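Asker: Single-letter residue listing:
Protein chains: 2
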Amino acid sequence: MNELNKPHILVCNDDGIEGEGIHVLAASMKKIGRVTVVAPAEPHSGMSHAMTLGVPLRIKEYQRNNRFFGYTVSGTPVDCIKVALSHILDDKPDLLVSGINYGSNTATNTLYSGTVAAALEGAIQGITSLAFSLTTYEHADFAYAGKFARKLAKKVLLQGLPADTILSVNIPNVPESEIAGVLTTSQGRSRWEENAIERNDMYGNPYYWLNGTLKLLDDSLRQDEYAIRRNFVTVTPLSCDLTNHIFLDSLNKWNLQK
Amino acid sequence: MNELNKPHILVCNDDGIEGEGIHVLAASMKKIGRVTVVAPAEPHSGMSHAMTLGVPLRIKEYQRNNRFFGYTVSGTPVDCIKVALSHILDDKPDLLVSGINYGSNTATNTLYSGTVAAALEGAIQGITSLAFSLTTYEHADFAYAGKFARKLAKKVLLQGLPADTILSVNIPNVPESEIAGVLTTSQGRSRWEENAIERNDMYGNPYYWLNGTLKLLDDSLRQDEYAIRRNFVTVTPLSCDLTNHIFLDSLNKWNLQK
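Going down the list, the protein sequences come from chains A and B.
If you're matching positions, the first sequence starts at 357 in our numbering and goes up one per residue.
If you're matching positions, the second sequence starts at 357 in our numbering and goes up one per residue.
Hints listed in this document are in silico derivations from the structure and should not be mistaken for laboratory results.
Where hints are given, some of them may not hold.
It does not matter which identical chain is meant; a pair holds if it fits inside one copy or across any two.
For lysine-lysine, the following BS3-like pairs were computed, each having C-alpha atoms within a straight-line distance of at most 25 angstroms [unchecked claim]:
| # | residue 1 | residue 2 |
| --- | --- | --- |
| 1 | 386 | 511 |
| 2 | 448 | 571 |
| 3 | 609 | 510 |
| 4 | 609 | 511 |
| 5 | 507 | 609 |
| 6 | 609 | 503 |
| 7 | 507 | 416 |
These figures come from a predicted structure and were not determined experimentally.
Just chain A, same shape as in the assembly (with noise of 0.2 angstroms):
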């Protein structure tokens, strides 16, 4: 197939263009698809849908092993994908593929993720767009999950997407073979029980590190968190449309007079 005639893939993530992810990703994508990268320079993790007002943006090329790679932003994910469309590439991508972030991105943890988000903007700009996330921080092995991720890639440029929707998937990092398999599921319900950890500098004035555990509630197989802990790839679709569209039906008897 001639280059052009292939599909255009965008590629960014949250932990800047250095996280070991995004070059599988790019990698993976590579094989089915012109891809262009643009990543923070910086990891950017727990940033959400954040994006950069009080500062200007710098875009910069980004060499790996002496070879073009990437462009790098001086800003958030959603400020990469922004400055991406606006500045950076000549034609619309036919996909978004964020990721592949170090730690699942699953149940609360949804709304803090800067890896979603960036999949989020490009379903609010019209693109075809997916999350990829591996259930670790440390002796990440991303094979399985840049092969899954452009199977999936190739089965969503067919099928498309609804408007405002993305995937977001969360890979277990176990070898394949103990892979228990792929389902369907929800964001699911969670909470962080907080327990800042307080400490003091060297006046004696406190300071507080940011620290929980994640309460799961619910035990659902249908749940994307309960699911990964039991060995399974998660596929959630995940929309830009916070609205709680069932409670607006009562809310509407409500009876708000100005």
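Once you have looked at the hints, place chain B on chain A.
Answerer: Below, chain B without anything else, positioned relative to chain A:
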């Protein structure tokens, strides 16, 4: 009523503790409850659900007109809620109100909003939560907004909200006599058409400011942004669960085997 029997109301925002909107909101809530203010030390517009992982947080007492007004946290709106619940408050609040924000948090902007994120973080923690925004960045008149916020807070304290659901309220910046009414709405569909501004620094290197115009993709009074442009107060129920449950049923048929 004994002060301790009054509902405990946590007040937060994303414009920072010096924003006028939070003073109006706190004053309004003091008429119906015991109020604790915990807000970012600095403005954090556009920070969405970002949380601070790489640096520790500081808590400080903040005075206004030589009287204790509340606490500042050296982080994002979501940090404020986490630190408030784990280290500042003695008892769990009955209600969380966030705002009153400068600028509307409607349509796609819902996802970028720190004001909305603070309320969603409250909902995750099981606290009934409301977000309030005024549709302007200048010549703000918060009088009607403060009054409406109190009326809605009283109603919500009586009736409660479904799990994982907040109300996001947007209020036109017009005199009360020009308010067209109150509508329950969905998050409108929209897209920022990016047009980042490119400039050169003194070395001739380019830098970019994010910029653009919000393009509405619908034209119905059932959508927040469309309605507020016609001077309606809009009340939109938002959920922390981003799952597209309708599409999930179709996705089950995609046959995503490992």
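Asker: Give a verdict on every hint.
Answerer: The hints, checked one at a time:
In this assembly of identical chains, the alpha carbons of residue 386 and residue 511 lie at most 25 angstroms apart only when taken from the same copy (16 angstroms versus 55 angstroms across copies). In this assembly of identical chains, residue 448 and residue 571 lie within 25 angstroms of each other by CA distance solely across copies; the values are 18 angstroms between and 40 angstroms within a copy. With identical chains, the CA atoms of residue 609 and residue 510 are at most 25 angstroms apart between copies only, with a shortest distance of 16 angstroms across copies and 46 angstroms within one. Taking identical chains as interchangeable, the C-alpha atoms of residue 609 and residue 511 lie at most 25 angstroms apart only when they sit on different chains, with a minimum of 13 angstroms there against 43 angstroms within one chain.
Taking the closest pair of Cα atoms, residue 507 and residue 609 come within 25 angstroms of each other only across two copies (16 angstroms); inside a single copy the shortest separation is 47 angstroms, beyond that limit. Proximity of residue 609 to residue 503 under the C-alpha cut-off of 25 angstroms is restricted to the inter-copy arrangement: shortest distance 21 angstroms between copies versus 50 angstroms within a copy. In this homomeric assembly, residue 507 and residue 416 never come within 25 angstroms of each other (Cα to Cα): the closest approach is 31 angstroms inside a single copy and 51 angstroms across copies.
Taken one by one, the earlier hints fail for this structure only at number 7.
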